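Residue-level listing of the chains:
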Amino acid sequence: MKSEFTSPIGKISNMNGQCISLIGNDIDTDRIIPARFLKCVNFDSLGESVFEDDRKTLKGKHPFDLEENKNASILVVNSNFGCGSSREHAPQALMRWGIQAIIGESFADIFYSNCIAIGIPCFTLPKKSIEEMQNYCDNQFLFLEIDLKKSLAKSKELNFNLEIKESSRKMFLSGEWDATSTLLENENLIEKKFNLLPYVKFNTKLS
Amino acid sequence: MSQDTLFDKVWDLHKVSSLPGGSDQIFIGLHLIHEVTSPQAFGALKDKKLKVKFPHRTVATVDHIVPTDNQSRPFKDNLAEQMIETLEKNCLEHKIRFFNIGSGNQGIVHVVAPELGLTQPGMTIACGDSHTSTHGAFGSIAFGIGTSQVRDVLATQTLAMNKLKVRQIWCENKLSKGVYAKDLVLHIINKLGVKAGVGFAYEFAGPAIDELSMEERMTICNMSIEGGARCGYINPDKKTFSYIKNKLCAPKNENWDKALRWWELLKSDENSIYDDVIKLDASKVEPTVTWGITPGQSISINEHIPLLDELSPNDKLVAKEAYEYMSFKPGQLIKDTPVDVCFIGSCTNGRISDLRVAAKVLKGKKVSNNVKAFAVPGSEKVATEAKQEGIDQIFKDSGFQWREPGCSMCLAMNSDKLIGNQVSASSSNRNFKGRQGSPSGRTLLMSPAMVAAAAINGKVSDVREFIN
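As you go down the protein sequences, you meet chains G and H in turn.
Heads up: the first sequence runs through residues 1 to 207, numbered per our numbering.
Heads up: the second sequence runs through residues 1 to 468, numbered per our numbering.
Each hint can be trusted.
Heads up, simulated DMTMM-like pairs for lysine to aspartate or glutamate below, C-alpha to C-alpha not over 25 Å straight-line:
#: 1; chain 1: G; residue 1: Lys192; chain 2: H; residue 2: Asp4
#: 2; chain 1: H; residue 1: Lys459; chain 2: H; residue 2: Glu286
#: 3; chain 1: H; residue 1: Lys417; chain 2: G; residue 2: Glu48
These aren't lab readings, by the way, just hints derived from the structure by calculation.
Keep in mind it's a predicted model, so treat the numbers as computed, not measured.
Please model the entire structure based on the sequences and the hints provided.
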C-alpha cells in the first residue's frame, strides 16, 4: 500500500512503472474487492482490502503482498479480468493500492468502462505476449515506459505494441475520460433528445 | 455491424451526439439507484457543484444491505444503517422518488422496477448494478454501470458509450418439463463461455423464448452479464404488454393506446443484420447445476464433472482452480452432492413465479435435518402476493425460514452468509469464490425448483423426480 493517494486528473499520456503479474482467467470483481468492503460511502479505505480473501488464502504469497511488488503500478493479467459485478469499488481499490494501468489478454465490459471513467488505461495484448511479460516478471523486475500516443510499451529488453480502443486512447490524451463536463457541453442537445422520446409523453409520472 | 435490430433502433433513438473520441452520448430513459453504488456518485456531484438534471427519471430503492430477519430501524449493523440513511438523505435533497422499506414497493431493484411498470419497451435503462440486463426482458436496452457513470447519469442523464455488437441467440423448440429458464441460461453460458459476450448485446429469440413468461424472460436476460454480455434483451410481444398493463407507472387510458401503438412496432426487423447468430435446441436442455467457480462451469444433473482432458485449453486453468476450491474430483457426479444451505431468492429467481414453482415441490415435504434453508422474496410485493396465496406457509411448514425482501445471500452484504466451506444450493446468479460471504464457501447455482429438491433430500437432486 502506497502512502499518498491522489486521483488522476487531466490528460494522461505516459505511465512509467514496475509491472506486477497476476495469473488467472476470469478473475471477478468479488475477488478484487469482496462485497463486505462495499459497505462504505466513500472509496478512501479500499486500497488495503484489494484481493483480501485471495491474499489471506495465500498467506503472504499473493503478488499484492510480495515485498518486491510494493512499488509496482502496472498490473499484468490474463483473460476476462474484472468479470461479474459492476462495482467500481474494484478498480478504485486497485488504484488506491497503486495501480495506474492494466495490461491484459481481455477485460470484462463494465470493469473496462469503470477503469476508463476513473483514469486507469487498460491495454490488451495477445496471450503469448502477456505470458512473455508474466514469465519475465517471475524472474526479474519488469519496468515499462508506456507511451499512450504511440500505444507502445518499452523496457530495457522488451517492446510491446499495446492495443487500446481508439475512443479510450483519445479520451485519455485529451483528458475527456472524466466525462461529466464533456457530456454537459451538449446540454441543449440533451433537452432536445428528451423532448423527442415517445415514452416521455405517455408515461405516468411518479409523484 | 448490426442493422435494424431492436438494439440498433433503441440506440439510435437515444443517441444525443457523437463524442470527439468516437463514442456515442446516449440518453438514459430510466435510471435506477440503490444504496451501494450511489453514495460516491452523489458525493462527486457535490464536489463538482452539480445538480441532478432530471430527478423524475431516477428512481431509488434499497436492497443490497438490508437485513432479512429484522428490518426495524436503526439496523443492527451500523454501516448498513449509515448507507440507508445516506440514500434517504440524497433522495430527499435531490427530490428523487425512493421506495423505502415499508412502502409496499421496496425490494431488489430489478424486481421492483418491472413490478411498478417503470421498465418499458424501447427505453434505455441504466443502474449501478451488473444485473440491470434483467430489464431487457421487456425490449428495453438495459445495462449495468459503475459509480462514476451513475454520477454522469445523475448530472446529465446521458452516458459516453461505445455501441455494442449484437449476437442473436436463437432457441429452437421448447423446454421440457422440470426444466426452467435458469437451466436454459446456464446452458447458454456454458456453451458460449463466460467471456463470449464481451462487446456484445445478446438478443434472445426463437420459439423457446416466445414460450417463456415475462418472469422467466427476466431470468434469462438477468444472467446475460454472466456470459459477458452487458446487455441482453428480448423483442417485446403481447405478454410484455399485458405484464405492464395497469402497473403503477404504466401508461393509462389514451396514453396506453399511444404506448401500445409504438411498442407494437418495436422489434428487430425480419431481415435485420446481426454481428453473430447462434442456434441451439432448448428441448435438449436438462436441469443444470454449476460445479465450479464461474457460472459457465455447469453440467446437467446426470453428467459428471468434466475431466481436464475434456476441456478446451482455455478452460483448463480455471477448471484446475475450481476442482481445488470446490474440493470436487474431476469425473465425479454432481448428483447426490450433500448441501448445507439452500437459498431461494435474488434478482435472478426471487419473483412470485419462482416461489410458486418451489412451493409446488415443497408442499407436504420436509427440509432435510442437515440443511439450513431460507427463502427471500424479491420484493415487498412478491412477499405480499406469496402470503395471499399461502406460499409462505408452505415454505414454513416444510422447514424453510421465510424472510423479508432483499438481495440477501446472493452477495452476502447483510448477515446472511455461508460459514466456512459450506456448500449452498442457490437460485442466485454467481458462484464466484467467496461470493456468498465466506471466503471458502461453495455455491452450486440451479433453478429454484432444484434448490427446493436439494433442500428436501439434503443433496443435489433431479427435480423431475418430484414432479409429475
